[in-house]
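Quick mapping for you: the protein sequence lines, in order, are chains D and Y. Under the working numbering, think of the first position of the first sequence as 1, with each following residue one higher. Under the working numbering, think of the first position of the second sequence as 1, with each following residue one higher.
Simulated from the structure, these hints should not be mistaken for lab results. Watch out, some of these pointers could steer you wrong.
Since the list can't tell identical chains apart, any single copy or any two copies may satisfy a pair.
[Claimed, not checked] Computed cross-link-like contacts, BS3-like style, restricted to lysine-lysine with a CA-CA straight-line distance of at most 25 Å:
id : residue 1 : residue 2
1  : 217       : 92
2  : 92        : 343
3  : 343       : 35
4  : 300       : 256
5  : 92        : 327
6  : 377       : 143
7  : 300       : 262
8  : 235       : 217
9  : 92        : 120
10 : 143       : 319
11 : 340       : 92
12 : 256       : 217
Here's the letter readout for the chains.
Protein chains: 2
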Amino acid sequence: MAKEGADMTEETEFMIDRNVGQETVSVESRAGNAKEMRAVMLTGFGGLNKVRVSRKAMPEPQDGEVKIRVKACGLNFLDLMVRQGNIDNPPKTPIVPGFECCGIVESVGGNTEGFEIGDKVMAFVNYNAWAEVVCTPVDFVYKMPDEMTFAEAAAFSLNFVAAYMMLFHVASLQEGMSVLVHSAGGGVGQAVAQLCATVPNVTVFGIASSFKHAAIKDSVTHLFDRNVDYIQEVKKISPDGVDVVLDCLCGENTGKGLSLLKPLGTYILYGASNMVTGETKSFFSFAKSWWQVEKVNPIKLYEENKVIAGFSLLNLLFKQGRSSLVKAVMDKLLCLYRQKKIKPVVDSLWALEEVKEAMQRIHDRGNVGKLILDVEKSPTPLMASDSTETSEAGEEEEEPEGDNDSKERMPFIH
Amino acid sequence: MAKEGADMTEETEFMIDRNVGQETVSVESRAGNAKEMRAVMLTGFGGLNKVRVSRKAMPEPQDGEVKIRVKACGLNFLDLMVRQGNIDNPPKTPIVPGFECCGIVESVGGNTEGFEIGDKVMAFVNYNAWAEVVCTPVDFVYKMPDEMTFAEAAAFSLNFVAAYMMLFHVASLQEGMSVLVHSAGGGVGQAVAQLCATVPNVTVFGIASSFKHAAIKDSVTHLFDRNVDYIQEVKKISPDGVDVVLDCLCGENTGKGLSLLKPLGTYILYGASNMVTGETKSFFSFAKSWWQVEKVNPIKLYEENKVIAGFSLLNLLFKQGRSSLVKAVMDKLLCLYRQKKIKPVVDSLWALEEVKEAMQRIHDRGNVGKLILDVEKSPTPLMASDSTETSEAGEEEEEPEGDNDSKERMPFIH
């Protein structure tokens with residue numbers, strides 16, 4: 001069956017792409033052909049105009065794979081970097097983006113013991129998550145607790161596993177320690193704050209844009225605006241520095257973060273969102289900034305008794321074969337969820353067709369918690385005349401492709 | 001009393017230096033003046049000729065200090081780097097080198113609860129350890145177990161505390177992990193091997209000169225010659241790499257060490273003995289190599305899920321105020337010692353007057369385990385004619401100072 005589906009892909013995509021361009025895809029046609037599905041397609045690397053919803057051949061599970069009817073997907077900052085091609089070894093386009101989703105098991109391949117049709121599951125996927133149906137190896141699939149909603153599940157896996165492994169595997173967080181987290185209002189930031197609260201007497205310093213402070217002030221011990229000199233503010237409270245710095249920004253902040261560490265403290269770089277500086281920059285200007293990251297002298301680490309670490313959950317899963325370790329971490333996290341000690345924070349739900357607006361929102365760092373693509377959600381109606389807000393920031397390089405998919409919908413209704 | 005002693009120092013040193021030059025110091029005169037003591041002096045930065053035994057005013061304990069009649073001192077590779085001035089912020093000379101010793105409490109200053117005259121103790125000292133008498137803050141003093149010899153005690157503190165903190169605080173060593181240690185035959189290397197054996201199923205890869213292999217082969221799982229391509233040898237046994245690399249060499253080995261790490265593995269730089277490349281190099285050629293250390297790109301750590309750490313126990317103690325943490329570690333180590341799970345390996349004992357030969361031995365990496373300065377040991381008689389072995393390697397820059405202290409004794413009798 002998978003073979004048959006693959007044979008159909010090219011022609012089908014061509015046909016559907018034109019349909020999408022004419023905004024004629026109805027709810028009926030979406031659910032119509034059982035051998036096709038809707039998916040977000042990345043047609044090439046670049047701005048928001050490279051992303052659109054297409055129809056694609058339905059995947060079928062290979063040996064060791066589970067086929068999931070997707071209910072919701074997680075959207076991460078990394079997805080923006082992928083869209084811009086600003087990652088190591090970018091994939092070939094066209095490709096369906098997305099690394100995590102949840103839904104209901106629709107069928108299983110061989111050697112998938114433990115999973116049955118009808119199971120509510122969440123899963124990591126090595127691309128291809130933003131679609132109505134996903135197939136992924138059983139090693140990356142986890143059963144959802146009964147009480148967990150699909151929106152929560154889509155917000156859970158990547159953020160909480162990354163936060164847990166950084167705090168407890170890389171940094172060995174213990175009672176009485178202190179943690180500084182950049183982007184405290186983001187999905188990982190909120191997961192970090194909740195996991196820190198499971199250890200007695202941990203102080204959390206959060207950095208976030210000031211407009212988020214009211215929403216997240218109860219989740220951290222101290223909160224600073226990213227535009228103030230937070231280094232000095234933290235040192236006023238803790239002159240000796242902090243035990244752990246979690247940084248998804250990189251660039252100029254690496255040196256700052258290292259300077260804030262206590263002896264034996266650990267600085268963890270888990271993303272490089274400063275690499276995404278604007279929607280209109282070219283691939284090559286990103287590639288340049290990638291290499292401009294400040295390098296670290298090991299002798300300085302020796303003299304100062306400091307630790308610097310990098311953490312990429314997706315590389316750990318898909319390049320480095322650590323799925324059984326991640327499964328063990330997921331078991332611990334689901335235990336904490338059932339004990340109501342952690343609960344994913346959902347910022348907003350978006351239809352697949354609204355992925356551009358969702359991407360713009362995470363690019364503008366407008367979110368508090370996780371952005372979710374809700375596969376069953378209908379797009380908010382298009383606003384006929386007001387298409388300026390997103391296009392100014394993200395569509396300047398719009399190519400004349402003959403579709404009007406760049407018209408914007410009312411943003412940020414959630 | 002301390003003031004009185006300090007006033008005497010300059011004149012006394014001048015007198016005694018001449019005595020030492022004429023090899024006229026008898027056992028009687030050493031023990032003679034209660035206001036003076038013998039000590040190893042570093043007269044300036046450079047080769048072995050900068051080190052000699054002098055008489056110095058007896059120190060007296062300040063408030064919070066313990067005065068120790070020293071029985072034995074530890075000699076570390078770092079002492080060679082100090083002698084060459086090849087460290088960050090080198091001290092002013094003349095100075096008494098040495099960072100660790102053991103002996104018997106002779107008197108105590110105020111606020112030294114827990115210690116009494118007659119206690120057998122081991123201690124860290126911020127320089128000044130290589131002397132008959134040492135005063136050091138009570139925070140750096142630890143009681144010796146009854147069954148521990150002074151030679152063992154002098155070999156214990158620095159090596160085992162450093163090994164313990166690197167394995168368990170920085171790297172979180174756990175059951176089933178693997179550790180690669182450079183200089184496996186050295187004091188830290190042997191401590192690492194013993195501590196790894198306290199955790200079930202830990203694989204230790206040791207790198208050492210082949211002439212040491214017979215002596216240390218039982219202490220590690222796999223042993224490789226430092227002159228072979230041990231990277232390939234380790235990968236043959238463990239294609240995925242190792243969890244922890246402990247490196248005291250730095251320089252070209254940093255990249256090699258990082259390449260051997262498993263995902264989530266930790267590379268720890270705890271010394272820079274490649275910085276001491278020869279006894280005849282000038283300070284500036286060392287300073288240059290210091291900065292030639294390969295820097296690390298944090299983005300690479302992110303992509304590979306790797307951790308790089310620096311560890312300097314002396315900075316932790318004397319610059320960064322972590323004495324209470326070290327005391328807690330020492331308690332755990334003494335518990336392991338009493339359970340006979342660890343036992344310091346002593347390479348050889350040397351009189352203070354033999355410090356040059358001892359330094360040459362550690363420079364040549366001739367030792368298996370720790371070199372000890374035994375304060376009560378008499379020097380092995382001078383060999384009148386055979387002074388070539390050490391002087392070739394270490395005395396080429398010998399200054400014509402009018403003493404014959406550079407005549408060599410029979411080396412390596414132990």
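Tested hints:
When the C-alpha separation of residue 217 and residue 92 is checked against a cutoff of 25 Å, the pair qualifies neither within a copy, at 42 Å, nor between copies, at 51 Å. In this homomeric assembly, residue 92 and residue 343 never come within 25 Å of each other (Cα to Cα): the closest approach is 36 Å inside a single copy and 58 Å across copies. Taking identical chains as interchangeable, the C-alpha atoms of residue 343 and residue 35 are never at most 25 Å apart, the minima being 36 Å within one chain and 70 Å between chains. For the identical chains of this complex, residue 300 and residue 256 are neighbours both inside a copy (14 Å) and across copies (19 Å), given an alpha-carbon limit of 25 Å.
In this homomeric assembly, residue 92 and residue 327 never come within 25 Å of each other (Cα to Cα): the closest approach is 29 Å inside a single copy and 56 Å across copies. In this homomeric assembly, residue 377 and residue 143 come within 25 Å of each other (Cα to Cα) only inside a single copy, at 23 Å, whereas the closest approach across copies is 70 Å. For the identical chains of this complex, residue 300 and residue 262 are neighbours both inside a copy (14 Å) and across copies (23 Å), given an alpha-carbon limit of 25 Å. Taking the closest pair of Cα atoms, residue 235 and residue 217 come within 25 Å of each other only inside a single copy of the chain (19 Å); across copies the shortest separation is 49 Å, beyond that limit.
In this assembly of identical chains, the alpha carbons of residue 92 and residue 120 never lie at most 25 Å apart, being 31 Å within a copy and 70 Å across copies at closest. Within a single copy, residue 143 and residue 319 get their C-alpha atoms as close as 23 Å, which meets the 25 Å cut-off; across copies the closest is 50 Å, which misses it. Taking CA atoms no more than 25 Å apart as the test, residue 340 paired with residue 92 passes in neither setting, with 41 Å inside one copy and 59 Å between copies. In this homomeric assembly, residue 256 and residue 217 come within 25 Å of each other (Cα to Cα) only inside a single copy, at 23 Å, whereas the closest approach across copies is 45 Å.
When each numbered hint is compared with the structure, violations occur for hints 1, 2, 3, 5, 9 and 11.
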